[in-house]
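Same order as they appear, the protein sequences are chains D and R.
Per my numbering, the first sequence starts with residue 101, numbered consecutively.
Per my numbering, the second sequence starts with residue 101, numbered consecutively.
In case anyone wonders, no lab produced these hints; they're calculated from the structure.
Source: prediction; values computed, not measured.
Hints are not guaranteed to be accurate.
Note that identical chains are pooled: a pair holds if it fits in a single copy or bridges any two copies.
To be verified - Below 20 angstroms or equal to it, Euclidean Cα-Cα: the simulated SDA-like pairs (lysine to any residue) are:
id, residue 1, residue 2
1, Lys271, Lys285
2, Lys262, Lys285
3, Lys281, Glu134
4, Lys262, Gly290
5, Lys216, Lys262
6, Lys137, Asn213
7, Lys284, Asp272
8, Lys216, Gln327
9, Lys216, Gly179
10, Lys285, Asp240
11, Lys271, Gln305
There are 2 protein chains.
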Amino acid sequence: MTRKELIEQIREKQSFLCVGLDTDLDKMPKGLKEIVKKEYEEEEMTFGMLFEFSTRIIDATAPYCVAYKPNLAFYEAYGIEGMAAFEGIIEYLQENYPKHLIIADAKRGDIGNTSKMYAKTFFEQYNVDALTVAPYMGEDSVTPFLGYDGKWVVLLALTSNKGSHDFQLMKDENGERLFEKVLKKSQEWGNDENMMYVVGATQGQMFEDIRKLAPNHFLLVPGVGAQGGSLEEVCKYGMIKDCGLLVNSSRGIIYASNEKDFDEVAGQKAQELQQQMAKILADAGIC
Amino acid sequence: MTRKELIEQIREKQSFLCVGLDTDLDKMPKGLKEIVKKEYEEEEMTFGMLFEFSTRIIDATAPYCVAYKPNLAFYEAYGIEGMAAFEGIIEYLQENYPKHLIIADAKRGDIGNTSKMYAKTFFEQYNVDALTVAPYMGEDSVTPFLGYDGKWVVLLALTSNKGSHDFQLMKDENGERLFEKVLKKSQEWGNDENMMYVVGATQGQMFEDIRKLAPNHFLLVPGVGAQGGSLEEVCKYGMIKDCGLLVNSSRGIIYASNEKDFDEVAGQKAQELQQQMAKILADAGIC
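One chain only, chain D, in its complex shape:
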């Protein structure tokens, strides 16, 4: 998906919401197991639970979001069946919601020939639109992901977690911080048409500093909701003239209800966020 197409979707849906699919079998809603039991064989139950939960969440939230972010950890944890579910969910999205951006949240990154294999996995085998990538290993760990038309690297810059302070805020002799180095250096490898950055919603005013170094890049912003970040603050400091933000919510949407109505409630939560976003986009003159 190109930047232009992504912005068109944001304008059309009046939303820059990304729904995170962190599908944890320990948190499945009541009653889902019974439904799945009727439709799947005993040995397909893990696949069935993951697939049915995710696709019902997708159907309910699709009108209100522009992107989905399946988190690989939550599929890998269930072995082969988990990966089959990941594959099934990607295919389901591609068939039914081809205009939604799919971000595989896998935080990959390795020496060149290994990153090349990861790129092949996600951009050829699964054919997703974007992949989160960790910057620690530098240029040759990132560039193999940049050679695909219409595909995106979503590079970790300043993450939403407490541990982000351990290394990302380290300052060099001139006061430049590690995440700022990542922002600057990586712009020698990619551009705002094939690279986004992860910036946690919990980082508040730091968005001002980020925008000094990456004025036009899209930012993928986790941490609104369960992790405590504020949508208003993110937009105040991070929004640019064509939006430039994808705000992710995972647990706040997908586990909003533990009852049979989990998908309906997920849809409502997504719609609430979409309505807040529509207002922000209107106030900013974007929609």
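Model the placement of chain R on the given structure of chain D, informed by the hints.
Quick look at chain R alone, frame taken from chain D:
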């Protein structure tokens, strides 16, 4: 596997060799396909190739090494069948070579609840002994992997690739470099019984600096062979009184021959390295 058990293996085999399983279908030896065709159904060919290649390499090299390092990228790239092969190879190792350390080279690391899922995947689902982890996201991205008895985090410190210079050598106002911060900070989370560090063989004399900060930790050292690192130099600066090194070779062993004798030649290459290592261990008074 405990540190004590690992050191016993090193003494017994007179080897600190780790064989990296970067199993690329584009590099399979001549004739293997015909053998696999006879034993596997058409739809199992990918599994069959990956499994047969890897297990034959394992059988040929097991007497000369103490560890195997399957590289997840090279299994994930082949989708579900690739992951089934990974699972099969782990089971094969556990059944036939239970004293070999298994390091899943996956370079994972994410916010706490996601790292917890990755830990579950590798230390419960696959039950490997060790996992490579990327430090960029800090404490809560690493500690979930440290809560397992006899399991190891292998944290990236100073990697073997060219890109390692981009961020890992960044200096703070006191001249302390990022990889040094990683070494220091991470010792607040784990110790030399549950944490190792990745230090590339291409880093030469930097091993001296590493040993100042991590005098007792095991170091996993990739980059000997295809990437140009020197075994002698690594040992000169990095070896400690109970060895403290696992030196990895992947391509230099597993693709040493492209002919039918690929496993035999891989065994010879592993043995050559083992013999060099035996001499070094003897000279150091370890064996």
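Hints, verified against the model:
In this assembly of identical chains, the alpha carbons of Lys271 and Lys285 lie at most 20 angstroms apart whether taken from the same copy (15 angstroms) or from different copies (15 angstroms). Taking the shortest Cα distances, Lys262 and Lys285 sit within 20 angstroms of each other only across copies (14 angstroms), while inside one copy they are farther apart (24 angstroms). In the homo-oligomer, the alpha carbons of Lys281 and Glu134 never lie at most 20 angstroms apart, since the shortest distance is 51 angstroms inside one protomer and 51 angstroms across protomers. In the homo-oligomer, the alpha carbons of Lys262 and Gly290 lie at most 20 angstroms apart only across protomers (18 angstroms), although the nearest pairing inside one protomer, at 28 angstroms, exceeds that limit.
Proximity of Lys216 and Lys262 under a CA criterion of 20 angstroms is satisfied inter-copy only: 15 angstroms between copies versus 31 angstroms inside one chain copy. In this assembly of identical chains, Lys137 and Asn213 lie within 20 angstroms of each other by CA distance neither inside one copy nor across copies; the values are 43 angstroms within and 28 angstroms between. Proximity of Lys284 and Asp272 under a CA criterion of 20 angstroms is satisfied in both settings, with 14 angstroms inside one chain copy and 17 angstroms between copies. Taking CA atoms no more than 20 angstroms apart as the test, Lys216 paired with Gln327 passes between copies only; the shortest distance there is 16 angstroms, against 33 angstroms inside one copy.
In this homomeric assembly, Lys216 and Gly179 come within 20 angstroms of each other (Cα to Cα) only across copies, at 15 angstroms, whereas the closest approach inside a single copy is 23 angstroms. Within a single copy, Lys285 and Asp240 get their C-alpha atoms as close as 12 angstroms, which meets the 20 angstroms cut-off; across copies the closest is 26 angstroms, which misses it. For a Cα distance limit of 20 angstroms, the shortest separation of Lys271 from Gln305 inside one copy, 18 angstroms, qualifies, whereas the shortest one across copies, 25 angstroms, does not.
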